[in-house]
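*Asks:* These protein sequence lines map, in sequence, to chains S and E.
Mapping the first sequence onto this note's numbering, position 142 (from 1) lands on 142, and the numbers just tick up by one.
Mapping the second sequence onto this note's numbering, position 298 (from 1) lands on 298, and the numbers just tick up by one.
You may find that some hints are simply not true.
[Unchecked claim] Under the rule of at most 20 Å between Cα atoms (straight-line distance), these lysine to aspartate or glutamate pairs were calculated in the EDC-like manner: (1) S/Lys161 - E/Asp384; (2) E/Lys418 - S/Glu340; (3) S/Lys161 - E/Glu385.
Hints in this document: simulated from the structure, not taken from any laboratory.
The structure displayed is predicted, hence computed values, not measured ones.
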Amino acid sequence: MKAALNLRKVGLGLAAPVLAILVAFLVTSTVLLLAGDPVVAVWTQLLTVPRPRLVVAIINGASVYYLSAVAVAIGFRMNLFNIGVDGQYRVAAFAAAVFAGQGWLPGWLNIIVALLIAVMAGGLWAGIAGWLKVTRGVSEVISTIMLNAIATGLVSFLLSKVADSTAGSNVTNTKTIPAPSRVPGFAMIPGTPNKVYGFILLAALVGVAYWVVLNKTRFGFDLRATGRSETAAVASGVSVKRMVLTAMLLSGAAAGLVGMPLLFGQDFSYGTTFQPGLGFAGIAIALLGRNHPVGIAFGALLWSYLEQQSNGLQITVGVSSELVFIIQGVIVLAVVIAYEVVRRAGLRMEQRHVARQLSDQPGPSTPQGASA
Amino acid sequence: MSTAGLKAGVDVITGAVRRPRLNPSRIAVIAVTAVFLIAVLRLVTGANDLASSGALAAAIGLAVPIGMAGLGGLWSERAGVVNIGLEGMMILGTWGAGFFGYHYGPWAGLLGAMFCGMVGGAIHALATVVFGVDHIVSGVAINIIGAGAAKYLAARTFTGTPGGGPTQSPSLGNLPSFSIPGISPGLGTLEQKQIFFVSDLAAILRALVTNLSVVTLIALAMVALTWWVLWRTTFGLRLRSCGESPVAAETLGINVYKYKFIAVLMSGTLAGLGGGYLALVAANIYRDGQTGGRGYIGLAAMIFGNWRPSGLVGGAALFGYTDAVQLRGGGTTVHAMLLLLAALIVGIGLWQILRKHRVVQGVVAVAAGVLVGAWYFVSETVPDEFTGMTPYVATLLVLAFASQRLRMPAADGLPYRKGEGH
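Hey, can you work out the whole structure from these sequences and the hints?
*Replies:* Right, dumping it as structure tokens:
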């Protein structure tokens, strides 16, 4: 009996993502048909086996997305919507880049202190939203969105103050990080000289830390309890205000690390061309991965895969690569809908199962129907 | 996760609402006080663009899309559905305005914008009302889809058109605009005389009667209509009851799903109208990324307005004004606003100390106010990067000062399933 139950659980768990990808496929195909674009050619381009160079790009992109999604997930687990990862990672990457570019400290020491600075800057920026929430009751959804816009202005102002002006170039960058303080990559994929970011290890480390803190510590338990039921958490002695502030600081601290693989593995300075929009992708990926460290990894890979594969759409089949945003958005929506549908189906199956068992039992107990 | 979020930090207001109702005379008093403050500020700082009819006309232009997004948010949240997807619906509206406006004329463009926004609303309604998905999750997804779909469709439909390209449409036709004849020139001369308060008032009136786009008038009509429908009809009472207590509404025989669905569709339509204004009136062209986060600011304006149409207009006007002033006057005008900000913060700090006996907060506020004031006196202007932040900083400050006195619909953001309320 137990084995059958587990089998059903696994089946239900797999049903949702499969259903979601199927829906995304159908919806995107419909959009393509309506717009008069070649459906088959688009899918052929998107589903070809990526070349080694692209595989490296996919893994690199995914490691950055992974950090961003974990940062978002920390908030999600206790019902906090940190939409502000986008601003937090830019403030943090800028602060770390300014420090590391000075090269005051040798080699790895420089990197470690820069990471600490990034973590603190990200945490502080998120802390503003946390503080406004606990003291003034401002919804973190709104305040983090406003802080994103403010971060854009603040960083571009400070960047113009510290910019390392190169003659004849209008690219504004912070000072380039000296060679000993760069993180070497791994030549993991054969057939290409491109390397995977060394800081993929940082992403993995953050993932493990996320899992351990949430599932194996008192703090993690309190955090999840607050997310599930605020009243129950209060009743068991959790100070919700302190939890909100701590969770926000942690989420921001993790967000501070988002730009680090890019900074130390590829760009070596922060400038106007630093990759934008990582925070919003993180929200979607955290939702895709159901806030689970392994699920998020798959979500990040899928996201990065779609992004890299769609880059060629314009050249090979003449379809705007913006199509990928439709696919990604539909997948997110379809995943959450599919989980909800599957959850309800599972609940109904459970109810029928229990009802059957009860009616099989001898005695006067008649099934009342499970209350939701 | 449930969208209602954590209650921490939000005072639960029980019994009578502390905030007095906004009746017309109160609104008039607030408006006159605001004009007076701006007049004083203009006189003290000499930043004349604080109250020129040009800046105010720009403010109206910027307030309309924010107000329409906020009104869309009002409809949906009054029925209990949080709509953070307003931004995406607005983006769909800009494309709709571009596509239909180019092919069938500006009026069709306006209808197309509303239709495309409604399509976004329909997706949100499907996800949240029919499938019971978390409202914020669905909204985030709609923002991704809306932005992607608009860019994809723009590349598909505008590439190769005369004057258009993959990221922008050809220029669109004009919608009519009105001036009330006879008044405007007189007010103009009055404004030129720079008389304290009188000229400021004249400038405002002049902005309100000169060159008003027909879409602005439609938007104002929409606000009035919303108020009337939601607060003066049976339909509105039922719709709002779905946002306060869907279970109670259900026991009275109300089809909650139907009302929520209608509300979210209306929400998308209004957000689409806001997008249509941006494309057809403000720019005469569709451009990628045209909305620039105005959907979110609209949501903030609605929260600032305490989920009421009159408050929402005030919020939209405030954000439109700060945005217009920074766009037109740039550094010098925003610099002048620093003085007002400093005075406000010091005032709040003193109030905290003298009336509330919160010494620590009060001293911190006074110190912050003095710092801002010092910034005003030692500098001549505010850097361009900072002036761009003005509307966002204003939003944050206003919410920080007002948030605890706001009351959202009781069942806002909570999932509702028919027949499960027991």
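*Asks:* None of the hints should be skipped; say for each whether it holds.
*Replies:* Results of checking the hints against the structure:
For the hint pairing S/Lys161 with E/Asp384, the CA-to-CA distance comes to about 13 Å; that is within 20 Å, so the pair holds. Pair hint E/Lys418 plus S/Glu340 holds up; C-alpha atoms about 15 Å apart against a cutoff of 20 Å. Taking the CA atoms of S/Lys161 and E/Glu385, the gap is about 11 Å. The hint holds against a cut of 20 Å.
Of the numbered hints given earlier, the model fails none.
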